[in-house]
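Residue numbers (numbering that gives the first Met the number 0), protein chains in the order written: chain A, 0 to 147; chain B, 0 to 292; chain C, 0 to 645; chain D, 0 to 124; chain E, 0 to 359; chain F, 0 to 122.
Keep in mind the hints are simulated off the structure, nothing from the lab. Check the hints yourself; a few may be wrong.
[Claimed, not checked] Heads up, simulated DMTMM-like pairs for lysine to aspartate or glutamate below, C-alpha to C-alpha not over 20 angstroms straight-line:
#1 A:K4 x B:E62
#2 B:K267 x E:D266
#3 E:K236 x E:E85
#4 F:K9 x E:E182
#5 D:K68 x E:E237
#6 E:K189 x F:D39
#7 F:K26 x E:E33
#8 F:K110 x F:D39
#9 E:K3 x C:D446
#10 E:K236 x E:D266
#11 F:K13 x E:D247
#12 D:K68 x D:D47
#13 E:K205 x D:D47
#14 F:K109 x F:D39
#15 C:K605 x D:E36
#16 E:K210 x D:E36
#17 E:K3 x C:D604
#18 F:K9 x B:E254
#19 E:K3 x C:E598
#20 E:K274 x E:D239
#21 F:K110 x F:D30
#22 F:K100 x A:D106
#23 F:K9 x E:D174
#24 E:K210 x E:D247
#25 D:K54 x E:D160
[As the list claims (entries may be wrong)] Covered, in the sense of this in silico footprint (three residues per stretch, anywhere, with C-beta under 8 angstroms from a C-beta of chain F), are these stretches of chain B:
#26 35-49
#27 207-216
[Unchecked claim] Taking beta-carbon pairs under 7 angstroms as the criterion, some of the chain C residues facing chain E (in silico):
#28 Y100
#29 F417
#30 V420
By construction, the Cβ of each residue, glycine as well, lies at the ideal position given by its N, Cα and C atoms.
Chain residues, written in single-letter form:
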Amino acid sequence: MGIIKESRKKSPWIVHFDCNSCNGCDIEVLACLTPIYDVERFGIINVGNPKHADVLVVTGSVNYRNARVLRNIYDQMPEPRAVVAIGACGCTGGIFSDCYNVLGGVDKVLPVDAYVPGCAPKPEAIIDGIVTALSRLEERKINKNEVE
Amino acid sequence: MTEYLLNIDMHYAYIILLTIFVGPVVGGLITGIDRKLTARLQGRFGPPILQPFYDFFKLIGKERFAVNSTQMIYVIGTLFFAVTALIMFTTGMDMLMMVFVLAFSNISLIMGAMSVRSPFSKIGAQREIIQMMAYEPVILLMVVGIYKITGSFMINVPFNSYGRPLIADLPLLFFAFSYILTIKLRKSPFDYSTSHHGHQELIKGLTMEFSGLQLAMIELTHWYEVVLLMGLVVMFWAQPIWAGILLAIGIYLIEIIIDNICARTTWKWMLKMTGIVGLGTALTNIIWLYLAK
Amino acid sequence: MLLPALCSVLTLIIKNKFFRNFLVILTLVVLVGSSIMLWVQVANANGKLTFDVPVNIIEIAGWVVKAIDVAVLLYVIFRGIASKKGLAPTLALIQLLILGYFEIFVLKGAETNAIFVVDYLSLVLVLLASVIGPLIIFFGIGYMELHEEHLHLKVSRQPVFFAVLFAFLSAMNGIAMSDSLVWMYTFWEVTTLCSFLLIGHDQTEEAIKNSFRALDLNMLGGVAFAAAIVVIYNSTGMISIQSLIHNHSIVAGGAMLGVALLCFAGLTKSAQFPFQSWLLGAMVAPTPVSAILHSSTMVKAGVFIIVRLATLLAGTGLGNLIAVAGGFTFLAASAIAISQSNGKKVLAYSTIANLGLIVCCAGIGSPAAIGAAVLLMIYHAISKGLLFLCIGTIEQGIGSRDIEDMQGLMKKMPYTTFIMVIGMISMLLPPFGVLITKWLAIETAVDFPLVLILLILGSAFTVVFWSKWIGITLTMSYKKEYFIEKNLHPSMSITLAVLIIGVLCATGLVTPLFNSLVKPYLDGLGYSTAMTLSSSMGDLTVSLYRFGTIGGVLIGPLLIVVLLLVVLVPLFLIHTRPEIIKPPYFGGELANNDIRGIEFIGPGDKVENIVVHNYYMTSIFGEDKLTIWMSIIAGAIILIMFGVVK
Amino acid sequence: MLYNVTDITIEGVLHSAQDMEIQGYRFVTSSCVDNGETLDIYYHYDKDLVLKQYKLNVAKGITIPSISKVFFCAMLVENEIKDLFGVQFSNLVLDYGGKLLLSDGAPDAPMACGGQIIVIEKGKE
Amino acid sequence: MKTKTSVIPFGPQHPVLPEPLQLKLVMQDERVIEAIPAIGYVHRGLEKLAETKDMNQMIYVVERICGICSFMHALNYCHGIEEMMELQVPDRAKYLRVIWGEMHRTHSHLLWLGLLADSFGFESLFMQAWRARERVMDMMEATAGSRIMISTNIIGGLRRDIPADLQRQVLDMVDEVEREMKEMEQVFLKDYTVKHRLVGVGVLPKDIAYKIGAVGPVGRASGLAQDMRSLNYAAYKELDWETVVENDGDCYARTVVRVREVYQALDLIRQAFAKMPEGDIAVPVKGFPDGEVVTRIEQPRGECLYYLRANGTKNLSRVRVRTPTFANIPPLIHMLPGCQLADVPVIVLSIDPCISCTER
Amino acid sequence: MLEMLHNIVKNFMKGPSTRLYPFAIRKPFADARGNLVGIDEETCIYCGMCQRKCPADAIVVDRATKTWTMNPYKCVVCGVCVEICPKKCMTMGESHRTSTKKMENVVQQKKAVEAPPAPPAQE
Ligand code: NFV
Ligand code: SF4
Ligand code: SF4
Ligand code: SF4
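The shape of chain A in the complex, shown without the other chains (with noise of 0.2 angstroms):
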């Protein structure tokens, strides 16, 4: 199945969810999708679902509340799915990362693809962050849960 592969590659649609995001490196998520930096030259669109979903793209460190948020919207995204921490909130929880309400990065909940640094990450890096996370794409793991 060479052209399903290689369409992964071409096609990976992106689900945004803001965690403890201070919204810096939230809006420059967004900015990457706008006329200057347009992702959808790689194919990258913001779906906003995460069931029509191939990247999750996480802004921000984890709460006590966010964090069942985040471990749904993961749930329900269909294999391949690949996970990209942006910001060093996402990565580590950065200088927040002592507060009391916050648990610390997202790799904390969810096994990360991508490290984005920087607070707030240029649009060029979050791109980079994107196309770093795309390898884990190409293989599909299966999960077997129980069928009905």
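Guided by the hints, dock chains B, C, D, E and F with the ligands onto chain A, whose structure is given.
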């Protein structure tokens, strides 16, 4: 005529095969060009033209998961009936029946969306029903208008035997049809039930709960539908055929432009406007035909 | 025809349940058998079976009939006065007066020598009444048991119930076959009375109120009918329907008023706007009653008479107006149905709408339209009967007839739901009969722009309420424990099965059906080349006499595709079976991985239930808003109708 | 510096709010500070860009009357104080039950003094 | 007939909400009859960090309350401490603060205009707004070294100056954005479909707006002439500007207010450059503050209140932030009931919600 | 409805304004804070000033082993350390740090001392 109809020979087999296989290629290309052009209109670089196909193949290769085990049946239903409608079109059958079959395709999708408990897909389905309520009458009136001047419901008549371009007699109906084309193509300002860009209150609405292969098939259905709708546009200027194709290209361009210069409105507004503009013009045209007789 | 009447008496007497049931079943079988026999006879008699009876017997029978009639009217007056309702007795009184006047002062000589004439149209009605009717009664055996259980009745009122039902059926057969208007009128009144009794069967306050409403409106129709007889006889000297419809020239003048009056009676009986309210009220009755009223009998009697007169209506102003009235009812009822969440009411409105469509076709009166009307009568009867029974079953299952409560019904009562969904689809989608007739209707209505628009808009609305309903029943909730369809009474499940098979067969056999029932009728009317629905090699084409083939579908090539699909789809489905079942998307706040997809975590971390209802758009299509306006418009149309015939 | 500060007692909370409402003040917000044993709660009001503060000093554990009946917008900040300082409010119009900002797993009343800063990953560096 | 109501969760993950905010919507058909917001998805608890980070480090923390109004948070914080310590910030720094502050306002409003366009499905307009915004971001990077967290505020002044050649570039940017804004204004304020989505939607009458505590553009669109810039901070006293007020109180009025504020901000940048004196950009800070202070400044979304309490050590004992969105959520609860589902995103966005600000 | 037409036609005529990153990389602005590259091991005196001033606690300076460890995934690129360093031995790069699949610390050590292998920042 009856002879012609009843004669099932290889001729049909070829047409059917051609429809099934070439249809989506054309549809996909149209979508690709649409996306590229849209990007350019927004001052972006845009995706490659083959992007829809990448998307399609990627979706096929995704993990198959569903919210319930019946979803796939509805998806097959919608795909099948869309293909059937297109086949009915290419083999020149009854237009009215084709419209019904197309509606069935749509209803199948609605059923699929309603078969899950997700609020977004359910509300999307409700809106889709409302949209259907808005555009079905116009399409039916279009069919009637065509019947009025050609004396037949058969699609092959305007293509083969009726000499004049339909648009000469049905300019207003053509306008009404282009108007609802925006609804059918799910373009702004009428993309209520699902939009190309998921940034609306229902996210992806109708297609919310379909993923992977199912979504790919819905996309495929959409391509067939696009081809069919464009075919209907061509029908308005079927002789010479290139004029019709030019017409279709022109209409599609206008659709893209409209998509880019309009905000999404609300369905109440759509109902009102389709009632006034769509039905109004279509009716005017038909009444005019009656009077002209 | 006498058989059901006899049986009616018997059931009344026999108190033993088992024996009664046996009797009911027996009668049913005989009834079905005899109606099929009748078909054979009709076919042999070249489409017109006349029962010639010696004059003296007619005399006697005539007196019997008149006696029945007077008895009915007196009973109505009695009941009306007993429960202090003024309108119905008054109307009954008027009828008595008219009738008396007619008998004494107007009528001269023998009425007609053939009291019963069965042509294909009558045959259709007889078949409907005595095949679907009995089936519904059969269903009623199981249903009524449960029903009475629910009501905690001490003394079973079933004997009365079945007796009335049978009386009803015999009256229906009477309507279908009588040739004399007077006879028909009698049976007409009997159906009115029976429906009154049936609607009031549960004896609740609402039931009684509604039964009187039904009585009032139908009595109004009865007055019209009675008046029609007088008018027609006065101007043409005829009282035989057959001679009436074959004498276009005679009915030109004053008799047209009579025809209009007959149509008026038909409109009331078929619950067209503005007379729809009785049919809606009839929903309080036990479900088999609604089913029987809506599908095969009562209302069908109404449209029957209009279809009967269709040849007279064709091309006249009256006909056009009737078509408009029908089309308008179709539109209005469909629109209001959108705002209804009570399943039975939706069905009721849909019935009204479909009857509107039939009336509309009859009003157009062109042969193709008549063909469509007859076909629709058949299909509608089967599908609607089925749907009513389904909803009755469901109501007993889940204790509600509200559409919203049917969420996930597919998991709760798969058998019934499956059948019901097919039934609903058959009302809506290709390739089922109702749609085919709708298609025919549109194709034939193409010369009447106003009617056409009404039909087109109406069918758009139809799509809305059906698909909402289908959608909601198909919603899946995931737990097996929801299954509650354990002890379905055999009579109920069998009936459903038979009916759904009927729906499927009738669909698969459109052309044979058309050719053996409808086309002969059209031929009998003298439209031999009027319309053909040919189906050589499975293709369906419609030809109209003026245009030749105007439309058609090549079923052949499609059939190949379908066959391929039948093989491929299961394979495909197996191949693409979902690997995982996952809950729906709730914006990320799904609670406890709830696979049913009901719970989400709301504000303050509280677990709450998601509720999604269908849209009813009450602000646009609300019953209370539309009914008045629609009724006013419809009333106006009817007034104009009488204006036209003047 | 802080100007226009008036001290009030717990009885004066509602009264001062009603007073402010009558005088046409706008409720800006309240701020809570933990002094160890007691809490300072400031009610900030504004009129024509001039701030006016009421300062309430209460011991911990005392239920404070909510002013959300007077100023609906106080509902949010009172819920927040409830979350972060563990203060109870009576008659809240919309009560999130201590779950406005925090979820299960998060520390109780984290902003209250003596509440340990939860140091995650400190040792790992 | 009994009324049928649907209950659905709107968010927290939802593409029209760039940030996690959940609304529990109770609807009848598509008419919302009740809306209850749930927040807490972005709560970090950074006010507590004041106890471990010293007051200088705290600048970078409060700056990261929000990536859109980051500079303003730092400004408010620094301004508070300067007031406590009675520091006299050099004039040039004051003007520079105005410039960066207004650049932030410009980009924030452009961002909002884009998101608004997106919320009613006007993708090309979204693209245009964000393209214009990108020019501001470029200048931010050129002048301060970073696009979002420009981190130029320090207690007592600023870290960075804007040299003359950059000033010219910034002015070019101002001209260009103004040009783009003129084009977009036509669409935002005149386009039929856009007006159809905005006019009369989410109406907040003046008295209710005041009572319920609406601030910033939301308040100003309802006729409340309150703009914290007329308080004495930065150099706004020396500049010539007027509070933008509209009276309709609907989403359209809010759009108008923000569009006009973009022009106003651009104008203020020009003025500030013209009036900016030469000189130092920071004063040295000695010692630690003591006491308490409340400062308020006008952020893009409205009035932001800082309550600071210091105890004479390098750590502040309390930093309390009340952000404009926090104040604008009650108006949101008030506006949503009665609207259509399709208008929910528009109304939610019309307060320009910034959840990370709200929850800190 | 036609107000936007003007704009999109203009967009179309002007051609895309997209920066074709990564095929064409724009020169970063002067003095941009792209990423904290690291220190000059030889100049650094391992005083720990940067560690104390860093708001994100991203730097750990070990005086004893003369190691300077920085977690680039925690650093918020504020530039405080660069400014505060008494030796001005740190470099702030103008371009951004690229993303990686694993997080790794930047560890720098005075040459004289044996360098321990770089441990991953997190599991
Ligand atoms: N709300 C808010 Fe802010 C602003 N303006 C502020 O304090 O953006 Ni995130
Ligand atoms: S990394 Fe920086 S910009 Fe990104 S969310 Fe964290 S603080 Fe905000
Ligand atoms: S402050 Fe400079 S000299 Fe001191 S340890 Fe850090 S890098 Fe080395
Ligand atoms: S740049 Fe800022 S955050 Fe990064 S190491 Fe230096 S001081 Fe720490």
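We went through each hint and held it up to the structure:
no., hint, verdict
1, A:K4 x B:E62, "13 angstroms, holds"
2, B:K267 x E:D266, "41 angstroms, violated"
3, E:K236 x E:E85, "18 angstroms, holds"
4, F:K9 x E:E182, "11 angstroms, holds"
5, D:K68 x E:E237, "41 angstroms, violated"
6, E:K189 x F:D39, "59 angstroms, violated"
7, F:K26 x E:E33, "52 angstroms, violated"
8, F:K110 x F:D39, "11 angstroms, holds"
9, E:K3 x C:D446, "42 angstroms, violated"
10, E:K236 x E:D266, "15 angstroms, holds"
11, F:K13 x E:D247, "38 angstroms, violated"
12, D:K68 x D:D47, "23 angstroms, violated"
13, E:K205 x D:D47, "15 angstroms, holds"
14, F:K109 x F:D39, "9 angstroms, holds"
15, C:K605 x D:E36, "32 angstroms, violated"
16, E:K210 x D:E36, "34 angstroms, violated"
17, E:K3 x C:D604, "25 angstroms, violated"
18, F:K9 x B:E254, "18 angstroms, holds"
19, E:K3 x C:E598, "18 angstroms, holds"
20, E:K274 x E:D239, "11 angstroms, holds"
21, F:K110 x F:D30, "29 angstroms, violated"
22, F:K100 x A:D106, "12 angstroms, holds"
23, F:K9 x E:D174, "18 angstroms, holds"
24, E:K210 x E:D247, "17 angstroms, holds"
25, D:K54 x E:D160, "41 angstroms, violated"
26, 35-49, "holds (count 8)"
27, 207-216, "violated (count 0)"
28, Y100, "46 angstroms, violated"
29, F417, "26 angstroms, violated"
30, V420, "22 angstroms, violated"
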